[in-house]
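Each chain is listed here by its residues.
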Amino acid sequence: MRADSPMAPPRSFLWSRRIFLTLLTGFVLLPVYVMVSSSLKPLADVTGKFRWLPSGLTIRPYIDIWSTVPLARYFVNSLVVAGAATVCSVVIAVFSAYAVSRYDFRGKRVFTVTVLSTQMFPGILFLLPLFLLYVNIGNATGIALFGSRGGLILTYLTFSLPFSIWMLIGYFDSVPRDLDEAALVDGCGPLGALFRIVVPAAIPGIVAVAVYAFMTAWGEVLFASVMTNDTTRTLAVGLQGYSTLNDVYWNQIMAASLVVSVPVVAGFLLLQRYLVAGLTAGAVK
Amino acid sequence: MTTTAEVEKPRTDAGSEPAPRPRPGRIRRIGLPYLLLLPALVLELLVHLVPMVIGIVMSFKELTQFYIRDWGTAPWSGLDNYKVSVDFDAPVGEALLHSFLVTIGFTLLSVGLCWLIGTAAAIFMQDTFRGRGLLRALFLVPYALPVYAAVITWVFMFQHDNGLVNHVLHDQLHLTDKPSFWLIGDNSFYALLTVSVWKGWPFAFLIVMAGLQNIPGELYEAAALDGAGRWQQIRRITLPSLGAVNQVLLLVLFLWTFNDFNTPFVLFGRAAPEAADLISVHIYQASFVTWNFGTGSAMSVLLLLFLLAVTGVYLAVTSRGRRASHAR
Amino acid sequence: MSTIRAAAAGAVVMSLALAATACGGGTSTDGEGSNKSPKTLTYWASNQGASIEVDKKVLQPELDKFEKETGIKVKLEVVPWSDLLNRILTATTSGQGPDVLNIGNTWSASLQATGALLPWDQANFAKIGGRDRFVDSALGSTGAQGKDPAAVPLYSMAYALYYNKQIFADAGIAQPPATWAELVADGKKIQAKGKQVLGAEGANVSENVHHVFVFAKQHGADFFTADGKPDFTSDGAVSAVKQYVDLMAKDKAIPQGNAEYAQNQSVSDFAKGKTAMLLWQSASANLKSQGMSEDKYGIAPVPVQSGTPGTGTQVNSMVAGINLAVFKNTDNLDGATQFVKFMTGDEEQKILNKAYSTIPPVASAQTDPGFNSAANAVLKDTLAKSAAALPQVADESQFETVIGTAVKELFADAAAGRAVTTESVKAKLAKAQQQMPTK
Numbered sequence: 001m002r003a004d005s006p007m008a009p010p011r012s013f014l015w016s017r018r019i020f021l022t023l024l025t026g027f028v029l030l031p032v033y034v035m036v037s038s039s040l041k042p043l044a045d046v047t048g049k050f051r052w053l054p055s056g057l058t059i060r061p062y063i064d065i066w067s068t069v070p071l072a073r074y075f076v077n078s079l080v081v082a083g084a085a086t087v088c089s090v091v092i093a094v095f096s097a098y099a100v101s102r103y104d105f106r107g108k109r110v111f112t113v114t115v116l117s118t119q120m121f122p123g124i125l126f127l128l129p130l131f132l133l134y135v136n137i138g139n140a141t142g143i144a145l146f147g148s149r150g151g152l153i154l155t156y157l158t159f160s161l162p163f164s165i166w167m168l169i170g171y172f173d174s175v176p177r178d179l180d181e182a183a184l185v186d187g188c189g190p191l192g193a194l195f196r197i198v199v200p201a202a203i204p205g206i207v208a209v210a211v212y213a214f215m216t217a218w219g220e221v222l223f224a225s226v227m228t229n230d231t232t233r234t235l236a237v238g239l240q241g242y243s244t245l246n247d248v249y250w251n252q253i254m255a256a257s258l259v260v261s262v263p264v265v266a267g268f269l270l271l272q273r274y275l276v277a278g279l280t281a282g283a284v285k
Numbered sequence: 001m002t003t004t005a006e007v008e009k010p011r012t013d014a015g016s017e018p019a020p021r022p023r024p025g026r027i028r029r030i031g032l033p034y035l036l037l038l039p040a041l042v043l044e045l046l047v048h049l050v051p052m053v054i055g056i057v058m059s060f061k062e063l064t065q066f067y068i069r070d071w072g073t074a075p076w077s078g079l080d081n082y083k084v085s086v087d088f089d090a091p092v093g094e095a096l097l098h099s100f101l102v103t104i105g106f107t108l109l110s111v112g113l114c115w116l117i118g119t120a121a122a123i124f125m126q127d128t129f130r131g132r133g134l135l136r137a138l139f140l141v142p143y144a145l146p147v148y149a150a151v152i153t154w155v156f157m158f159q160h161d162n163g164l165v166n167h168v169l170h171d172q173l174h175l176t177d178k179p180s181f182w183l184i185g186d187n188s189f190y191a192l193l194t195v196s197v198w199k200g201w202p203f204a205f206l207i208v209m210a211g212l213q214n215i216p217g218e219l220y221e222a223a224a225l226d227g228a229g230r231w232q233q234i235r236r237i238t239l240p241s242l243g244a245v246n247q248v249l250l251l252v253l254f255l256w257t258f259n260d261f262n263t264p265f266v267l268f269g270r271a272a273p274e275a276a277d278l279i280s281v282h283i284y285q286a287s288f289v290t291w292n293f294g295t296g297s298a299m300s301v302l303l304l305l306f307l308l309a310v311t312g313v314y315l316a317v318t319s320r321g322r323r324a325s326h327a328r
Numbered sequence: 001m002s003t004i005r006a007a008a009a010g011a012v013v014m015s016l017a018l019a020a021t022a023c024g025g026g027t028s029t030d031g032e033g034s035n036k037s038p039k040t041l042t043y044w045a046s047n048q049g050a051s052i053e054v055d056k057k058v059l060q061p062e063l064d065k066f067e068k069e070t071g072i073k074v075k076l077e078v079v080p081w082s083d084l085l086n087r088i089l090t091a092t093t094s095g096q097g098p099d100v101l102n103i104g105n106t107w108s109a110s111l112q113a114t115g116a117l118l119p120w121d122q123a124n125f126a127k128i129g130g131r132d133r134f135v136d137s138a139l140g141s142t143g144a145q146g147k148d149p150a151a152v153p154l155y156s157m158a159y160a161l162y163y164n165k166q167i168f169a170d171a172g173i174a175q176p177p178a179t180w181a182e183l184v185a186d187g188k189k190i191q192a193k194g195k196q197v198l199g200a201e202g203a204n205v206s207e208n209v210h211h212v213f214v215f216a217k218q219h220g221a222d223f224f225t226a227d228g229k230p231d232f233t234s235d236g237a238v239s240a241v242k243q244y245v246d247l248m249a250k251d252k253a254i255p256q257g258n259a260e261y262a263q264n265q266s267v268s269d270f271a272k273g274k275t276a277m278l279l280w281q282s283a284s285a286n287l288k289s290q291g292m293s294e295d296k297y298g299i300a301p302v303p304v305q306s307g308t309p310g311t312g313t314q315v316n317s318m319v320a321g322i323n324l325a326v327f328k329n330t331d332n333l334d335g336a337t338q339f340v341k342f343m344t345g346d347e348e349q350k351i352l353n354k355a356y357s358t359i360p361p362v363a364s365a366q367t368d369p370g371f372n373s374a375a376n377a378v379l380k381d382t383l384a385k386s387a388a389a390l391p392q393v394a395d396e397s398q399f400e401t402v403i404g405t406a407v408k409e410l411f412a413d414a415a416a417g418r419a420v421t422t423e424s425v426k427a428k429l430a431k432a433q434q435q436m437p438t439k
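Quick mapping for you: the protein sequence lines, in order, are chains U, B and Y. Residue numbering for the first sequence follows the numbering used here, beginning at 1 and increasing consecutively. Residue numbering for the second sequence follows the numbering used here, beginning at 1 and increasing consecutively. Residue numbering for the third sequence follows the numbering used here, beginning at 1 and increasing consecutively.
Chain U on its own, in the form it takes in the complex (with noise of 0.2 Å):
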C-alpha cells in the first residue's frame, strides 16, 4: 500500500531501517543457526567449548534421534493428537462464531465475555481440577479421556477454541450479510448459507484459525506432562527423553528439535500469507 507513496523516503528513514533490520535478522537466527550447525555436530563438539564451526560434519544425531528415545511414536503422538484438535477446534469455532455473527439471541454477550475471559485462567489453576474431572468421567462411564490422547484433543481444542471464536466473529461481521439473506431467499437453510457464503468467502480467517489451533496444541507442555503416560505421550515431552542417566546429547537434541519443528515452521510460513490476511480483517478490526 505505501509502495506508490509519493515521497521516497528520506536517508534517515532508509539508514535506520537497514541497521534495525539487520540487527533484528541476527537476533532471530542466530538460535537457528545453532539449532542447525549443532545438530550436524559430532559430541564432542556440543560438549567442549561452542564453536561456531562443526570439526566435521555428521548426520549421525538424526539417524541416533530415533533410537534413544521412541521419537517416532511421539511424533504420530502430536501429530494425531494436535490434527484432531485442530479440525474439531475449527469445525466448533465456526458454528459459534456464525451464531455469534449472524444471530442475536439471550445470553450473546454472556457467551462471548465468557469465553474470552478464559483467556485468563492460569493454566496451573485448572489442571489437577481437570485431571481428576477426566478421571472420575472415566469412571463414571468408562470414556477413557486421562492418559488417552482423546482427553488430550479435547483439552488443546478448547484451549484454542476462545481466540478461534473470537477472531472468526470479526471475519464473519466483515462477510456481507447480503450475500447470506440473499441464499436464504435461494432457499438454503442457516446451515447451507453457512458452508456455502460465508465459510468459502472467509478462508483466510479460518486458515489463520487453524494454524493457531494446530501450534497450541503441537507446542503445549503443561498438560502433556501430567495427562499422558509412554504410549500417548507427545513431543512435548517426549524430547525431555535425550538428557537422561547418561550424558545431555546436545547434538541429538538440537537435531530432534529441528526435526519436530520443521513440519510446523513449513506449515506456517507456507499459510503466512492467509495469516495475515486473516488477522487483517478478523481480529485487528
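No wet-lab data here; the hints were simulated from the structure.
Derived lysine-lysine pairs resembling BS3-like cross-links, with alpha carbons at most 25 Å apart:
1. B:Lys83 / Y:Lys431
2. U:Lys49 / Y:Lys193
3. B:Lys178 / Y:Lys250
4. Y:Lys252 / U:Lys49
5. Y:Lys165 / Y:Lys272
Predicted model, so just to flag it, every value in this text is computed and none were measured.
Got chain U; can you put chains B and Y on it based on the hints?
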C-alpha cells in the same frame, strides 16, 4: 469488531418486533443459535469452567499429602490457605509476593519490548523492498517454532561451559572477566527475558502488520501533500491509527506472558532461580513439589482475581480513552 | 423463552453434577485391593539404566519369564525420574495408577502417609518369603519407624568416591583421600596438573540433599528432631551445609561450572577424564556405557572428617536404593504380590542388580560371587557399616525440595563469586525450614 452492521440481521428474538412471516420452523430458528453454540459451550464447561469451580473449592480445603488420595474427605480449612498466601511477613507469602513482583516486572518489560520491536519492524517493512518477503517469513520463525524446541535451543546457548552466549561475550569479545551463569542466579532474569522477547515479538509484528493494512492510503497522501516527512507521517498517522489494534494486542500479550508456563518451565525446570521465579512455575512448585494443592489453588485463585481486575480496569480505561479520541 | 431457561438450567445442573462427581474424587482409591483382573499387571519402573530404552531391554525378558511362570502379563512403563514423583502423585490422587511401581526409597515415608500403598505387614511379607530375607539397612528406608513398611527393597546403592587412576598417578597421589582435608589437599595437586578436582550436580536438588545429609551426620546433626519436627538451623546442620558448599566456594575443589549441573553432566565429565573425582552411587554401569572401562578408575569410601567410616559421626553415605511398592487399590492383588515375590527372588535379584551395578538388598542374593568385585566390596561395606537412612518422616519429600533448593541457591552464590558465610547459610536454611508444612 467496531463496525455496526448496517444490514438487517435475521432477527430471531421474536419478542422485540413482530416477525414478518410466521413460519412453522420458528422454534427451530430460535433454538438454532444455541444449537450452534452447544459444542463450544459444553467444551468450555468441561475444560475451563467446571475445573475452575473445582479449583476454587479446593482452595478452601486442607489438601496435603494426607488427603490427596480421597480429597472429598479433606477437612475444610476456611480461609487458611488464603491467609497463608497473603501473609507477606511469613516465608510462603513473602515468596509469593516476591514471585508476583518478579512476574510483573518481567511481563511489563517483555510486553514492552515485544511491542516496540514488533511495531518498529512492521513499520520499517511497510514499503516494498528487495528481500522483504523473505525477511517477513524469517521473522515469523520464532513464533512458529514449538515452544520447547525453541527454548531448549536457548538453554543450550546459555550453558556455562559449552554455550554460545558465554563463548561470544567472554571468549571472543572479552566483555566479562569470567564466564557468567545464565540459568542460575541473578542473570537468569535476563535469560528469561531474552527468550520471551525472542519468542513473543513476532506476534506483535504480525498483528501490527495486519493493522497497518487497514490504514487508508489517502491519509498518507493527504499528509504528504501537507509536507509531512516520513518520520512525521509515522508519528502523526501510523501510530495513532494503531490505537485500537494496540489496545487488544497489549492486553493479549500481557495475559499470555503473565500466564506463560512453558518458557520458564523448559528453561529452568521445576525449581526456577529466585530472580526468575515466575508465578505460574511458583504455584506449580507450591502445589506439586510440596504436595500442598490447597494452598496452590488459593494462590491460583488470587492470581485469577488479579488478572480479572487488571483486565477490567484496562478495558474500562482504554475504551474510555478511545471513545474520547473518537469524539474529537 | 422457556427453551433458553431450560438450556441454562441444564447447563447449571450439568456443571454441578460434574463438580459433584469430582468432589467425590478418589473414592475409587478407597477400594481395597481386589482380584478382578488376575491376568494383567501394570508396572512402573524407574529409570535405572543409561536410558529408558536400555531399561526396557533389561526388564522385558524378565517380565516375559514371569508371564511364562504365572500366565500374568506385565505391562511395563519406564518413567523418567523427572516425572516419577508427579506421576505417582497424580496416580494417588486419582486412583488410576499402576499395580506395582518403583519408588525412590527416600520417598517411602512420604508416600506411606498418603495411604495409597499396600502396607507390608507380617501376612504380606510371608507371601514373599518373609521379612528376614532383606538386609536391615535396606529395610530401614521403607517407611516411618513403627509402621509396617510401605514398600520392599529392590536395589540397594551407596555413595562411593570414584577416582581417575591416571590423573591421580600424574599428580603423584598414592592413596585416595580418606578425609575431606586430604581431598582438598589432593585437589591442589590435581589442579596443578590442569584437571578439575571433584564433580558435583549443584543444581540437582536430590543430589544436594544426599550430600548435606551425610555432612550433617558427620557434624553430629540431624535435620529432624526425634519427634519428626524439622530442625534445619542447628549449628551442626549449618556447618555441614557450609562445608559442602565450601568445596566450591572456598576450597575450589568443585568447579564453578558444576553449579548449574543437574543432568549428570558431572558423570560425563568424569568419564571423559576431565574431573579427577566423583561422589556417586553405583556409577559403574553408567561409566561403562560412556566408554570408561573399569580399570581406569578406582573406588574408595566417601571421605569422613577424620578416622575411618563407621556409625554416628563416621557415616559416609546415605542408604540409597529403589523400593518396590504395590498400589493398595490394585485389582490384581495376588498377581501383584506374586510379582513382588518374583522380583525379590534370588534369581531375579542377581540378574537385575548385576545389570544395574547395584547391590541386592536380599541377603541370600548378595553372596553371589558376581557381587564380590572390588567396586562392590566398597559399596557393600559402606551399606553394611557406615550408611544411614534419610529421615523416615512424612514430610521427607518436602524436606528434599526445600533443602536441596537452598543448597542449589548457595552454589549459585558461590559460582557468582559471592561470599558464602555461616550467616548466609543459616539464613537460607531458616527460610527453608519456614517453608515446611506446619501441620
